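> One-letter residues, chain by chain:
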Amino acid sequence: MLFEQILFFAAGFGAVAGALGVVMLRNPFYSVLALVAHLIALAVLFLLLRADFIAAAQVVVYAGAVMVLYVFVVAYVGGSDEPLRPEAGGLVATLGPVFALALFVEISIAVLGSSLGALDTRGAELGAGFGSPGEIGRLLLTKFLLPFEAASFLLLIAAVAAVLLARKRRGLEEGPDAGGPGGSGLDAALRGATGGRTR
Amino acid sequence: MSTSWFVVLSAFIFCIGAAGVMSRRSPLVILLCLELMLNAGNLALIAFSRMLGNQDGQVFALMVMVVAACEVVIGLGIIVGMFRRRLPIDVDEMSELRG
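As you go down the protein sequences, you meet chains A and B in turn. Heads up: the first sequence is residues 350 to 548, going by the working numbering. Heads up: the second sequence is residues 50 to 148, going by the working numbering.
Derived by calculation from the structure, the hints in this document are not laboratory data. Only a predicted model underlies this, so the values are computations on that prediction, with no experimental measurement involved. Misleading hints may appear alongside valid ones.
Stated by the list, open to error - Derived coverage of chain A by chain B (criterion: at least 3 residues anywhere in the stretch with Cβ under 8 Å from a Cβ of chain B; other residues may be distant):
| # | stretch |
| --- | --- |
| 1 | 363 to 376 |
| 2 | 382 to 395 |
As the list claims (entries may be wrong) - Over the 10 Å line for every Cβ pair with chain B, so calculated as not near, a few chain A residues:
| # | residue |
| --- | --- |
| 3 | 354 |
| 4 | 510 |
| 5 | 515 |
Yeah, the Cβ is synthetic: ideal placement off N, Cα and C, and Gly gets one too.
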């Protein structure tokens, strides 16, 4: 029990520190690294909550794959240091933390003042395989089969959309005569076949 | 540890992310703060799943991770497109949805 509390406070402190680092650090590259630390601390919390498979997926998918994508884009775009406080105006930017604090107070009152009695217990008694990959996989292929298939379609659509968004549009760089609104995919393919790339 | 600890921690992380979305100007950092908020939601889902002894919340958290990955891919694609067209990487100046 004591070990659990120590682990909770260590991981919770790490998660909060990582989150503050994401918001406070000026260089976007350091923000990404702070988010990686935050995600790993969160995975420890998931392990404490007996969500083994989710914790593993968090580390592998999130802290591994998605963050590598972030690092590539930050390196490509060039992480320019921006000033934390916008120089003039920015009413939303100055009032933002105040709103966030008010939101936290509100949610805390809602949670701690709730009449949900089970919130103050450790939770229900769990079976042996709770949160294991086998149990989650069984749920995904029986009870949640339709959401599972919908998620796979969503990922497919996102992959195609990312390729479409990030490809080179030669029509925009060569002037109005090459591209234009009528430039179809076939047109672009023909131009790609006949002429070389300009950049 | 009772469930309230986890839920309050999740609320705190969510509010840090919300403050970041409202106060930062770089779209890259705003996407990172959105990740913070989604992960705080995941933590609350898994905490309630532990409290009820029901694994449906964990499957729901998995779905949230899928949606977050899609959102990251689209958002980063838009940022790369902005960079290609030499537009300023700043949400205040990108307030119009025109090509």
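> Can you name, in rising order, the numbers of the hints this structure does not satisfy?
3, 4, 5
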